[in-house]
Every structure is written in structure tokens, then in C-alpha cells.
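J.: Chain residues, written in single-letter form:
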Amino acid sequence: MWHHSAVEFLNFILIFTAGYLVLRRPERQRLAFGLLVTSCLLMATLFLIGARGSILPGLNY
Amino acid sequence: MATRNALYTPLTLAVLALVVGPIGIAVFVLGFGLGDSPCVLCWAQRTGMVLIALTGLFVIRFGPRPRYIGLAVLLAGFGLYMGLRHSSLHLWRDVGQGFSAEILGAHTYTWSMFIYWACVVMMGALLLMLKDGEAASEARRLRPLERVTLWLFLVAAAGNAVQAFASTGPPPYMGQGDPVRFSFNPGNWVWSLEEWTPSPVSLRGRWAIEKPDAALASIDPASSPLANVPVLPAARRANLGLPLDGPITDLAYDAPTDRFLVTTEKGIYITDGTFGRVVRHTVVDTGFSVDLARFAAGAFLGSDTVMAVSENKSYVILRENDKADAAANYRYFLASFDKFDEVSRSRFTTVRAKMMYVMSAAFDPASGSVYTVTVPNTRVKRLVVSRFDRRDMTLSEEFTPALAPGSGLAFKTEKGSLDSFYATGAAFAGGKLYVISAAFGTLLTIDPQARAVIGAFSVPGLERPIGLAIKGSEAFIVDADGAITVVPLP
Numbered sequence: 001m002w003h004h005s006a007v008e009f010l011n012f013i014l015i016f017t018a019g020y021l022v023l024r025r026p027e028r029q030r031l032a033f034g035l036l037v038t039s040c041l042l043m044a045t046l047f048l049i050g051a052r053g054s055i056l057p058g059l060n061y
Numbered sequence: 001m002a003t004r005n006a007l008y009t010p011l012t013l014a015v016l017a018l019v020v021g022p023i024g025i026a027v028f029v030l031g032f033g034l035g036d037s038p039c040v041l042c043w044a045q046r047t048g049m050v051l052i053a054l055t056g057l058f059v060i061r062f063g064p065r066p067r068y069i070g071l072a073v074l075l076a077g078f079g080l081y082m083g084l085r086h087s088s089l090h091l092w093r094d095v096g097q098g099f100s101a102e103i104l105g106a107h108t109y110t111w112s113m114f115i116y117w118a119c120v121v122m123m124g125a126l127l128l129m130l131k132d133g134e135a136a137s138e139a140r141r142l143r144p145l146e147r148v149t150l151w152l153f154l155v156a157a158a159g160n161a162v163q164a165f166a167s168t169g170p171p172p173y174m175g176q177g178d179p180v181r182f183s184f185n186p187g188n189w190v191w192s193l194e195e196w197t198p199s200p201v202s203l204r205g206r207w208a209i210e211k212p213d214a215a216l217a218s219i220d221p222a223s224s225p226l227a228n229v230p231v232l233p234a235a236r237r238a239n240l241g242l243p244l245d246g247p248i249t250d251l252a253y254d255a256p257t258d259r260f261l262v263t264t265e266k267g268i269y270i271t272d273g274t275f276g277r278v279v280r281h282t283v284v285d286t287g288f289s290v291d292l293a294r295f296a297a298g299a300f301l302g303s304d305t306v307m308a309v310s311e312n313k314s315y316v317i318l319r320e321n322d323k324a325d326a327a328a329n330y331r332y333f334l335a336s337f338d339k340f341d342e343v344s345r346s347r348f349t350t351v352r353a354k355m356m357y358v359m360s361a362a363f364d365p366a367s368g369s370v371y372t373v374t375v376p377n378t379r380v381k382r383l384v385v386s387r388f389d390r391r392d393m394t395l396s397e398e399f400t401p402a403l404a405p406g407s408g409l410a411f412k413t414e415k416g417s418l419d420s421f422y423a424t425g426a427a428f429a430g431g432k433l434y435v436i437s438a439a440f441g442t443l444l445t446i447d448p449q450a451r452a453v454i455g456a457f458s459v460p461g462l463e464r465p466i467g468l469a470i471k472g473s474e475a476f477i478v479d480a481d482g483a484i485t486v487v488p489l490p
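These protein sequence lines map, in sequence, to chains A and B. Taking the working numbering, the leading residue of the first sequence gets 1, the next gets one more, and so forth. Taking the working numbering, the leading residue of the second sequence gets 1, the next gets one more, and so forth.
The hints are simulated quantities; they were obtained by calculation from the structure and are not laboratory data. Every residue gets a Cβ at the ideal spot worked out from N, C-alpha and C, and that includes glycine. Some hints here could point you the wrong way.
Chain B side only, calculated, beta carbon under 7 Å to chain A, not exhaustive [what the hints assert, rightly or not]: (1) Leu41; (2) Leu57; (3) Leu150.
Model the full assembly from the supplied sequences, consistent with the hints where possible.
T.: This is the structure in C-alpha cells:
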């Protein structure tokens, strides 16, 4: 299952790698940006998994 | 170059503030220093901030390319949602209560709303400084401050990776709803798969409560959870032939003036003691100021003062006035502007009944108390009696009644309860609270002092009872279609 690897630890590894490429390997901009976008999607996915019981803020509407 | 520095210097300082501030404090001070562990939602909020900082670094390194700006806006927008969604779990709690650590008196998850908002404002300000054509910038040579910021970012990202590994574990483990405190000792690490447990997806979660409707309840007395409920036969029946603005929703009676109060979804009618004619009425603008939704109950608070309670526990109090200022009352009423003055309109707040609607209200003049009784819904099944002090209309007592010992009442099964009773009308008499239930067509007698049901009687012939009034030794039960059943008060 693809999402079984979508965890916070892995996400920070991706972030660290992207940041390292920006600092030390700017010529790999496309790869760094791909890692950034992937990390964004993982972050959103993880939050939505945690919030799936009530997608909207749990307030009196 | 001066213009570019005017763009990159504040951007670098903003990223630096984000890295050193919320991200750095969260991991190195709160996490490693104080043992605070983010929950699964906190992790995503923190990660979003890290990603915004990283996007800012992309801009610093490669120039303000549209896709970076677009991604930053998306991240900030999603971050605002995350902040509101997470904070909503705790915003309604009493002062000081919440989850996990505080910064400057506010819990960490509430700070994220402000931080993401500040990111949006900062991005807007920086975009204003962007010159035409600057978006096509090539990779820049980093200045010392920018290089330091990037290194600090990598340190913060590495720190977060360490904390994430200890707190959430390697794949497939992920963040937890209630994580244990952070520790460098692997013996204390707890890795969980709880968030992978299948559970329903919902838009509004526990707040998605269906509106109350007496038609949802089964009138069949055979399905009652109570055993051997005695029958209370009707003394007489009649049909309400009054000119009302809509279906009737409740009854009340005032003995000193021998008058009935009849409510509709928006209307308040005072009739004579025989329902022969309407002596005074008005139609309330239920949308003005407080959302009164639909009136579900009514009560006399005095011989010239009436109250209508809405299903959402909002209420309006009116006082009769033959010389009411029609012009001044335009805002309150939709018809008959010169018969009442509005005393107040506000809302009852409950604790046990917070996620439940009501369809009944009664006033006890002896104690100066207004009572409401809940109706169950698909998520919350419970019979809750709430008492509000008339002086401040504030919750003063709340209980879920039990069956009184010695009442002769018993449940059919060991797991029987009063939760399925559907209280659609209530009245107070002789120190007792009488409640008519649209479920099982049953009249309940509740002793508020004992917090117990002391009587239950099945009333045959009811179809959809929605109101109750007590006049002398008789109880008047009204159906939604206006049919009135009169039974002797048990």
C-alpha cells in the first residue's frame, strides 16, 4: 500500500533532502521541487487521515 | 540589486523567523527540552510550516518563480484550514483547558492559525515588492545570511526527523492522537498504527445532528422499553380550529387568566380557556439577530409574559402590551406589531444536552425555573432534563432521570433505558414535571427533586403528540394536526 509509507519521519527525510539540494546542489532544482511537492501532498494526506472523522472544523455551524 | 535585496532580505528574515521560532522552538525546546510530543494533526501543522519555510528557500535560491509562489499560497491556505480544524477540537472548552503545551498562554495548535495567517500577509507584502520580469530569475548565489538560514533549516529539519522517528516510528507507523512524551530512550518509544484503523469519513463529524421531528418516533406503545405501562384513557377529544399561521408546535396554560398559549413554528397565540378564539397573537421574525429556527415549545412565565423556545434552545420572551409601539416592534415581528413587547431573545446553553435538540419547555413558578427535555438523535440517545434559573436564564441543574424505586415501573430488559423517549411537550404542576413523548405515546411524570420518573402512562389514540398543557386536573395533549386529547392528570 503506497500510503503505508506516508509517515512523518519519512516526510522530514524528504524535506531534509530537498533543503540539502537547494543548498548544495542547486542544479538539481527540478528534483528538489519534486520532493517539495511530494512532501506537501504527504503532509496534507496525513492531516486528512487524522481529520477524516470530521473534515470540517468541529464547531457549531 | 538594491531592489532585489529589498525582496530577499525580508524574505530571508521571515524564513529565519519561521525556522528559529515556531519550528525550532517546537522541536528543540518543547520536544527535546520539555518532552512535548505532537499528535498526528500537530505533526501535519508543523510540517506545513517547515514546507512553507522550504518554499521560501526555493525562492531565495532560484528566484520568485510562479510555481513556488503558488505552492506557498496553497500551503498557507491548507495551513489555515489545519489550524482551524485542529483548534476546533478544543476552542469550546473552559478557559485554560486544551491539549499539550502552551506558548504565551495559548496552546501550540492555536498558534498555527496565527502563523499561517502571518505567512499569507508576508507573502502578499513580498509580492508587492516583486518587479516585472523578476520571476524569470536564474539560480542565485547565496549571501551569508541566506546560507546561514539554509543551514539552520537543515538542522531544524534533521531535528524534526529525529523527533518524528522517536515519536512516530518508521513506516508504516504514523503520528498518534494522544502521543506519550518525547524521550531519547528507545525503551520509552511508543509506535502506533491506530490512525490506520478504518473509520467512517464525515464532513461535520459529531456535529452532524439531524433536526428533530416527532414523526421520527414510533408511537407504538408495544415498542416501549417500559413494561406494564398503565393506560390512561382519554376523557374527551377535540379539534383545534384556530386560525394559525402554521402547524401547532406546543401548548401551555395560565391558570390565573384561564388562557392557553399556542405556538407554531413562528407564531405565538394566546387563546381563551376553551380554545374558542385567539385573543392575542404575533408572528416572530425568527431570523432577526438570534437564530430562533422553529419554535418547538412555549410556556407562560407570568400571566402577561410568555416564552417560546426553539428546537435549538434559543428563546424569545414577550410581554403583552396593548399600547406596544408598532414601529419599534417592526424588527421583532412579522405580523401584529402592537400586541407584545419583546423582553429578550437569547439562547440556553447546556452541558449534557449540547448535542441534542429540544421540543419541550415548562415553567415552574415556585422555583422560578424553566425546564427543557431533550429528544434523541442518531448520534446521541439520552433523556436529559435541564433546568434554567429564570433570573439569569442560565443552566442551574441537569440530569438524566432514572426510574424511581417503588414507582412500580420497570424496564422490559436489563439493558432498558429511557433514552428512546421523544419528549415533545412538557408542563409543570404540583411540583412535578409532566412530559409527553411522541415515542410510545407515553405521558411521563418526573420528580425533579428525586431526579426520577415516578409515573408513566400510555395514552391511546395519539398520532403525533407535539404539545402538552395542564389545566386543573387535566392534561391537554395536542397532536401535530391540531387534535387535542384530554386525559385526567395522573
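J.: Work down the list of hints and note, for each, if the structure agrees.
T.: We went through each hint and held it up to the structure:
Interface hint at leucine 41 (chain B): satisfied, since its Cβ lies 5 Å from the closest Cβ of chain A, which is below the 7 Å cut-off. Because the beta carbon of leucine 57 (chain B) sits about 5 Å from the nearest beta carbon in chain A, less than 7 Å, this interface hint is met. A cut of 7 Å between beta carbons decides the hint on leucine 150 (chain B): the least distance to chain A is about 5 Å, and the hint holds.
Every hint from the earlier list agrees with this structure, and none is contradicted.
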